[in-house]
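Asker: Single-letter residue listing:
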Amino acid sequence: MTGRARTKQRPPLLLVVPAFVGLLFFAVPLIGLLARTPWGDLPELLSSSVVVDAFRLSLLASIGATALSAVFGVPLAWVLARVEFPGRSIIRGLVLLPLVLPPVVGGAALLFALGRRGAIGEPLNELTGLVLPFSTWGVVVAATFVSMPFLIITVEGALSSLDGRHEGAAATLGATRWTVVRRITLPMIAPSLAAGLALTWARAFGEFGATITFAGNLQGRTQTLPLAVFVALESDRDTAIAISLVMVVVSLTVLVLLRNRWWRTT
Amino acid sequence: MKNASWIVAFLAVAVLVSCGSDERTEVFVSAAASLTDSFEAIEEAFEERNPSVDIVLNLAGSSTLREQILAGAPADVFASANESVMDEIAGAGLLASAATVFATNRLEVAVPPANPGAISGLGDFDREELVLGLCASGVPCGDFAIEALRIVGVDPMVDTYEPNVRSLLTKVESGDLDAGIVYYTDVLAAHDRVEGIPIPAETNVVARYPIAVLQGAVDTGAAAFVAFVLSADGREILAEHGFGTR
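Taken in order, these protein sequences are the chains called A and B.
So for the first sequence, our numbering puts the first residue at 45; every next one is plus one.
So for the second sequence, our numbering puts the first residue at 533; every next one is plus one.
FYI, nobody ran anything at the bench for these hints, they're computed from the structure.
Source: prediction; values computed, not measured.
Please note: incorrect hints may appear among the correct ones.
To be verified - If you anchor each label on the Cβ, the simulated ranges turn out as follows: (1) B:584 - A:69: 33 to 43 angstroms; (2) A:67 - B:650: 53 to 63 angstroms; (3) A:235 - B:555: 50 to 60 angstroms; (4) A:83 - B:650: 46 to 56 angstroms.
The beta carbon of each residue, even a glycine, is placed where N, CA and C say it ideally should be.
Start from the sequences, fold in the hints, and give me the full structure.
Answerer: In structure tokens form, the structure reads like this:
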């Protein structure tokens with residue numbers, strides 16, 4: 045971004061005060077969590093089989109969802125940004141719907157469509173024997189559903205604002221359309237792509253509502269960290285707090301590292 | 533400043549809407565998820581008789597409600613699906629008066645219509661090929677189900693531990709679960725969307741539902757609501773929904 049205005053003067057109080065209040069929205073819950081953390085018991089709490097299983101599943105599901113989003117979401121973003129077709133704004137709205145839809149609604153919709161008696165789930169089950177609900181694949185599908193829009197919205201934005209001259213020049217020099225995408229377009233949007241992938245991963249890592257509604261809750265198979273927190277809150281609050289802390293640390297680390305690495309330059 | 537006029541219009545509407553709401557006293561009732569239908573009916577009957585009170589129902593798993601109340605969420609009345617959850621609230625010194633048991637319930641096995649898993653009772657819960665669900669432990673329906681399975685000596689092969697009884701029932705209704713252990717009243721409320729397989733009394737577990745006014749409650753409205761639940765009219769509504777009321 046050019047012409048970034050970063051003032052050296054004292055910032056106006058009229059902005060600093062509300063900015064500070066805005067910051068409190070994020071800081072206060074975190075302080076509440078830290079204040080309740082049983083620091084001494086932390087190693088023991090975090091090495092329980094429930095937490096280890098949930099952590100493994102969360103990593104698997106979030107990375108799987110990010111991979112699926114990259115494979116299917118980037119082409120979709122490209123189509124939305126570059127191809128003119130009737131009803132494009134409706135398709136775009138549909139794709140971005142999971143950003144605003146309550147995840148539990150998404151989970152219920154997934155269950156009705158892909159469940160054992162669902163419109164697609166039933167034939168799928170008969171053809172392949174695959175049952176998505178209550179399986180780890182179901183967790184990946186739910187996480188992909190809620191997280192892929194983050195990648196699409198980021199990549200589509202980058203593609204739309206891309207200067208088309210480089211692609212045009214490459215095409216003039218005889219590059220095939222696929223080569224242009226691979227050698228020119230994708231490298232040029234790499235920072236946005238990386239940022240989008242990071243957001244997608246972070247959203248998938250924290251996914252709760254669609255997962256519990258669509259995939260259920262079973263340790264080692266479908267119980268990710270957020271589900272483990274939810275269940276533990278009702279029976280074992282120290283474990284719940286310990287897991288919450290892990291989620292905060294992991295997510296914050298990833299977001300801070302990636303922001304420093306990629307977003308500064310965009 | 534076209535935008536500014538929109539903001540002013542929005543604020544005006546917001547103020548009108550908030551002023552337009554009536555002067556009724558709001559009474560927050562936190563009730564177990566299994567009381568959903570019966571308490572909605574009781575709310576309607578109570579508000580008809582007490583037009584100055586607006587009952588606000590907060591329905592969730594009893595243990596979720598317990599956490600909310602312990603954390604200081606606004607609640608005037610608490611109706612739990614088991615006594616141990618209520619005891620914890622009492623132990624924390626949050627009850628305004630002693631809790632009273634107002635209803636009982638029993639477990640039943642819920643299966644999708646036509647019973648695709650050919651389930652005949654609790655004894656089928658160790659069949660690995662079935663997709664089976666229970667409420668999570670810590671949630672009353674989950675603790676009761678585990679107790680009932682222990683009585684019959686079955687080590688269940690569970691595919692999902694649901695956070696509350698209604699989400700478990702939803703997955704039985706959709707046919708994604710072959711069976712789940714829920715309350716008799718839930719099977720009744722689901723009408724023909726699920727079939728119920730009764731559990732014999734000797735292996736069943738009786739859930740006792742206590743109700744109490746919480747500390748700091750809107751005294752008149754909250755006490756009146758509890759009195760109504762315990763009255764003949766309240767009991768009649770509960771009985772219509774399948775609860776035992778003695």
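Asker: Going back to the hint list, which numbers does this structure go against?
Answerer: none
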